[in-house]
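Colleague: Chains H and L supply the protein sequences, listed in that same order. Numbered according to the working numbering, the first sequence spans residues 234 to 696. Numbered according to the working numbering, the second sequence spans residues 68 to 532.
Among the hints, a few may not be true.
[Claimed, not checked] Covered by chain L, per the in silico footprint, the following chain H stretches (three or more residues, Cβ under 8 Å): (1) 393 to 407; (2) 422 to 434; (3) 481 to 494; (4) 502 to 508; (5) 611 to 624.
[Unchecked claim] In silico lysine to aspartate or glutamate, EDC-like type, Cα no more than 20 Å apart, as pairs: (6) H/Lys636 / H/Asp685; (7) H/Lys633 / H/Asp673; (8) L/Lys78 / L/Asp298; (9) H/Lys345 / H/Asp596; (10) H/Lys345 / L/Asp385; (11) H/Lys345 / H/Asp558; (12) L/Lys434 / H/Glu590; (13) L/Lys224 / H/Asp596; (14) L/Lys224 / H/Asp416; (15) H/Lys633 / H/Asp681; (16) H/Lys658 / L/Asp264; (17) H/Lys633 / H/Asp416; (18) L/Lys434 / H/Asp558; (19) L/Lys434 / H/Asp416; (20) L/Lys282 / L/Asp298.
[Stated by the list, open to error] Heads up, incomplete: computed chain L residues facing chain H, CB under 7 Å, no partners named: (21) Asn218; (22) Glu226; (23) Leu440; (24) Lys491; (25) Thr517; (26) Gly526.
Hints listed in this document are in silico derivations from the structure and should not be mistaken for laboratory results. Just so you know, even glycine gets a beta-carbon here, dropped at the ideal spot from N, CA and C.
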Amino acid sequence: MNHCGCNDWQSTHRRSMLRRQGQVVPIPRAVLAGESAGMCRRDFLRNGAVAFLTVYGASMLDWGHIWEAASAQAATPGTDPIIVSVFLDGGNDGLNTLIPITGSDHAAYASKRPHIGLAPATCLPLGGAAANPDWAWNPAATGFQHLYDAGKIAVIPSVDYMPPDLSHFHSRAFWQAGELDPDPATGWLGRWVDQNGAADNPLQAVSAGWSLDGSLKSATNPVAVLSSVEDAQFTMNNVWSDPQLMVDTLAGLSVRSAANEAMAAADDAVGGAVNVASRLSALTQPTLPPTGLGYGTTSFDQRMSNLAWMLASNLGMRVACVSYDDGWDFHDSQVSRQAQNLSRMSTTLAAFQADLEQRGLADRVITLVWSEFGRRVEDNDSGGGGTDHGAGGLALVIGKHAKGGLAAEFPGISDADLDQWGNLKVPTDYRQIYTNLLGDWMGTDPADVIPDASSYTPLDLVA
Amino acid sequence: MAYSYPALPSKPTRAHFQRLLWRAGFAGSHDQITHYVKLGLPRAVTELLTPFRKNVLVGPVPTDGGNRLQPLDLWGHDCLWWLDRMVRSRNQLVERMTLNLHDLFATSNAGVGNTRHMLRQNRLLRGHAVGNFRDLLERITIDPAMLLWLNGADSNKWEPNENYGREVMELFCLGNDPNLESLTHGLWTNANMYTQDDIHEAARALTGWRYDWDKAATGTVKQRENPTFWDAGYHDTGSKTIYGHTGNWDWRDVCRLVVNHPNHAPYLAYSLWSYFIAAPPTAPAMREMVNNYRKSGFELAPLLKVILHHPAFYLNLDEPDMVKPPIVFVAAGLRGTRRFITNNNWSWLLDNMGQVPFYPPNVSGWKQGPAFLNTNTAHAYWQTTGYLLYQTIRDPGSQTPQAAVSAAISALSHPWASSDTRAKLETYAGDYATRNGPTLDSHDHVERQTVIRAMLMAGPDGLLH
Numbered sequence: 234m235n236h237c238g239c240n241d242w243q244s245t246h247r248r249s250m251l252r253r254q255g256q257v258v259p260i261p262r263a264v265l266a267g268e269s270a271g272m273c274r275r276d277f278l279r280n281g282a283v284a285f286l287t288v289y290g291a292s293m294l295d296w297g298h299i300w301e302a303a304s305a306q307a308a309t310p311g312t313d314p315i316i317v318s319v320f321l322d323g324g325n326d327g328l329n330t331l332i333p334i335t336g337s338d339h340a341a342y343a344s345k346r347p348h349i350g351l352a353p354a355t356c357l358p359l360g361g362a363a364a365n366p367d368w369a370w371n372p373a374a375t376g377f378q379h380l381y382d383a384g385k386i387a388v389i390p391s392v393d394y395m396p397p398d399l400s401h402f403h404s405r406a407f408w409q410a411g412e413l414d415p416d417p418a419t420g421w422l423g424r425w426v427d428q429n430g431a432a433d434n435p436l437q438a439v440s441a442g443w444s445l446d447g448s449l450k451s452a453t454n455p456v457a458v459l460s461s462v463e464d465a466q467f468t469m470n471n472v473w474s475d476p477q478l479m480v481d482t483l484a485g486l487s488v489r490s491a492a493n494e495a496m497a498a499a500d501d502a503v504g505g506a507v508n509v510a511s512r513l514s515a516l517t518q519p520t521l522p523p524t525g526l527g528y529g530t531t532s533f534d535q536r537m538s539n540l541a542w543m544l545a546s547n548l549g550m551r552v553a554c555v556s557y558d559d560g561w562d563f564h565d566s567q568v569s570r571q572a573q574n575l576s577r578m579s580t581t582l583a584a585f586q587a588d589l590e591q592r593g594l595a596d597r598v599i600t601l602v603w604s605e606f607g608r609r610v611e612d613n614d615s616g617g618g619g620t621d622h623g624a625g626g627l628a629l630v631i632g633k634h635a636k637g638g639l640a641a642e643f644p645g646i647s648d649a650d651l652d653q654w655g656n657l658k659v660p661t662d663y664r665q666i667y668t669n670l671l672g673d674w675m676g677t678d679p680a681d682v683i684p685d686a687s688s689y690t691p692l693d694l695v696a
Numbered sequence: 068m069a070y071s072y073p074a075l076p077s078k079p080t081r082a083h084f085q086r087l088l089w090r091a092g093f094a095g096s097h098d099q100i101t102h103y104v105k106l107g108l109p110r111a112v113t114e115l116l117t118p119f120r121k122n123v124l125v126g127p128v129p130t131d132g133g134n135r136l137q138p139l140d141l142w143g144h145d146c147l148w149w150l151d152r153m154v155r156s157r158n159q160l161v162e163r164m165t166l167n168l169h170d171l172f173a174t175s176n177a178g179v180g181n182t183r184h185m186l187r188q189n190r191l192l193r194g195h196a197v198g199n200f201r202d203l204l205e206r207i208t209i210d211p212a213m214l215l216w217l218n219g220a221d222s223n224k225w226e227p228n229e230n231y232g233r234e235v236m237e238l239f240c241l242g243n244d245p246n247l248e249s250l251t252h253g254l255w256t257n258a259n260m261y262t263q264d265d266i267h268e269a270a271r272a273l274t275g276w277r278y279d280w281d282k283a284a285t286g287t288v289k290q291r292e293n294p295t296f297w298d299a300g301y302h303d304t305g306s307k308t309i310y311g312h313t314g315n316w317d318w319r320d321v322c323r324l325v326v327n328h329p330n331h332a333p334y335l336a337y338s339l340w341s342y343f344i345a346a347p348p349t350a351p352a353m354r355e356m357v358n359n360y361r362k363s364g365f366e367l368a369p370l371l372k373v374i375l376h377h378p379a380f381y382l383n384l385d386e387p388d389m390v391k392p393p394i395v396f397v398a399a400g401l402r403g404t405r406r407f408i409t410n411n412n413w414s415w416l417l418d419n420m421g422q423v424p425f426y427p428p429n430v431s432g433w434k435q436g437p438a439f440l441n442t443n444t445a446h447a448y449w450q451t452t453g454y455l456l457y458q459t460i461r462d463p464g465s466q467t468p469q470a471a472v473s474a475a476i477s478a479l480s481h482p483w484a485s486s487d488t489r490a491k492l493e494t495y496a497g498d499y500a501t502r503n504g505p506t507l508d509s510h511d512h513v514e515r516q517t518v519i520r521a522m523l524m525a526g527p528d529g530l531l532h
């Protein structure tokens, strides 16, 4: 895809260049740690010092202060709304997740997908109050059937950006950034945290996993990466006479003026890890998830059940990101592999929703499930059938307050409906989801977070 | 052929050679640094760029629990097999470049599902690590692991699969980040960006390679290693237009057109530079890399030599500004503690740290630099350090705080430690004696030495090179 004539591309290009200059400004850690009066918060912002810290952007604050703030929030049950983002990494095939089973769309589906097309009779109907005879779930997506029939899924059947780029890495970056910038300095949820979050609680925004989700990159307010609360302690073989002195010394090594970005990252990762270990274990008592919810044993199950537990611990968490990263990039052998993923993922999300309801959190949490793009309408015969990169992906908004049913237009898949590459057209821009969730769910102004927000008419996904 | 290189620092210190071995290898042992110091910087660079052909591996063969490795059959042994080469090879730059090329052509056994193919690809990368890139591209395009990973083996003239055609342009050879135009000082241009048409036409041209699943399962060793074959009946012989060039192109033509694309040389030069130097290349460095690479017919050595000669490579020796990738940390940790492969812990530890060889997270490889570090991975670097130090420390006897810190630095083959860190570790050593005295017993000496070494390795200084 050639972008040189595209104004949007060029303007985002310029913006990202400006940011890049800012990134190389060294950040004296002593200043960030609050040990110097020489640099105020505004200077920090002006320097654009977006560090890749684990508690990202938090180093301007004293750690004790951060955790006191988190503890204070833990003491009072929260009432604020929460967004959970679940990313299906690799480009899930929406058309084989939710299958058109009637009319010309189904006829086109069957003829364009001779290798991987699913028979309507085997698929799971869309029932409940928003019953819809034109569509059916992949037979493996039993969790989605359960949630949909209970009126808890709003479906966006063909969502992307224009012009669709078909690159995993660009598309993911664009979704995470909330703008068409391939190398974004901040993510859309990170900017929300900057605008609406607390300056002192990294647990307000959590990547539940091993690395920071790009959506959560913030410029000023802190966010955190957290996989599990256990196994975080700092111990060493043969060190039992005075382990506390070891831990204190390790934390002390990271308190200094960092000479460069890598050193700042090392200082903050080590300092942050020591503090996470000591503070988090003192902060909360482990609470087992309710039983009988149907969680499985995969790492995704562990992340989601951990997340429900952390949400219930009143840590002040407002946004959380999880990725289902077993891969959805099915260029070949799609039917069985996608079925396995859909089965696991949908039952986990159903268990997560039940978990939230049992913990009394269902009125506060909405879950957005998305993938970076959809796939080519016409299948290939690789390994029994697969699909190339395409446009117009499937996104779902799940929750007690999701407006159950189809929530956006489907452009159709007859030849005349497709673009020149045989891809779905894009009636819905992904930012129309964001403006809706930011405005109607979080109750904040989308224009604070999404560039040119007014041009993305919000969908109607939540009640 | 006249190539152009920046002038090397005229009065290098020992620290210059340490930097060279850290970034163009997996850290130098004391003896190795001394060897290179004697050679002098120009010959040291030349030696790194000129692989030894004999007696490449020095030291005991790798084992797991006393048994020899079985990389094809036992979990984690593929990782150990390669790690061993990083630890023992005299061709340090070759091993480091093999890792860099594995990141560039990121192929994961999670998708390939065949360790034999992964090891074959690894040998291919090693054979070209400081060799000819065009030759490497031709071979890796039809390499069995790659044909499985990016669906070349499933692609045919009736239904060309675009996966390889896209990634060979986007990730391996040309790039599509518009920021590259300014990062390469205009040598890479948006105006020359490939298009979706180019991808589709290349996918057609790449058809014709197949994979014999029967031979892969039950053939001879040679067949099992490479069960791919050319089938003219599967190749699209029609006319294709790629980057404006029209012809009945096949896979060789795609490789030729890709390496001759005006964005290729600057993209590759920029990408390789960024494995060695944190700051982006200067305009003269970009020009020298691109010119040497093109003049030489796509040889990597004249390009890499620009990097290893460049003053930016030797900047800030007292304030290193690159993060050690987890694999580098483990290999260098083994070299630093003078250990060899004797167990399988490194495989799962590398998983915790976020970088398992043969299993990059996706086709774009690992996110490098500070992205390797967060609270979770910092803890994993610490945990790994515990295994690296396990049973390596004997009672050093009574030491002053200064002597305890010096002994630890020396025992670890002189890793970088800032003066601030040394001072804090000396304070620790003194405080430890005060808190656990008046006299320290044998255990106390070992504990104190263990902590100091762990701090040097997994404290913030130890994560940088």
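Colleague: Determine for every hint whether it applies to the structure shown.
Modeller: Here is what the structure says about each hint:
no.: 1; hint: 393 to 407; verdict: holds (count 5)
no.: 2; hint: 422 to 434; verdict: violated (count 0)
no.: 3; hint: 481 to 494; verdict: holds (count 9)
no.: 4; hint: 502 to 508; verdict: holds (count 5)
no.: 5; hint: 611 to 624; verdict: holds (count 7)
no.: 6; hint: H/Lys636 / H/Asp685; verdict: 26 Å, violated
no.: 7; hint: H/Lys633 / H/Asp673; verdict: 15 Å, holds
no.: 8; hint: L/Lys78 / L/Asp298; verdict: 59 Å, violated
no.: 9; hint: H/Lys345 / H/Asp596; verdict: 42 Å, violated
no.: 10; hint: H/Lys345 / L/Asp385; verdict: 62 Å, violated
no.: 11; hint: H/Lys345 / H/Asp558; verdict: 28 Å, violated
no.: 12; hint: L/Lys434 / H/Glu590; verdict: 37 Å, violated
no.: 13; hint: L/Lys224 / H/Asp596; verdict: 54 Å, violated
no.: 14; hint: L/Lys224 / H/Asp416; verdict: 36 Å, violated
no.: 15; hint: H/Lys633 / H/Asp681; verdict: 27 Å, violated
no.: 16; hint: H/Lys658 / L/Asp264; verdict: 18 Å, holds
no.: 17; hint: H/Lys633 / H/Asp416; verdict: 35 Å, violated
no.: 18; hint: L/Lys434 / H/Asp558; verdict: 15 Å, holds
no.: 19; hint: L/Lys434 / H/Asp416; verdict: 13 Å, holds
no.: 20; hint: L/Lys282 / L/Asp298; verdict: 15 Å, holds
no.: 21; hint: Asn218; verdict: 4 Å, holds
no.: 22; hint: Glu226; verdict: 4 Å, holds
no.: 23; hint: Leu440; verdict: 4 Å, holds
no.: 24; hint: Lys491; verdict: 6 Å, holds
no.: 25; hint: Thr517; verdict: 5 Å, holds
no.: 26; hint: Gly526; verdict: 4 Å, holds
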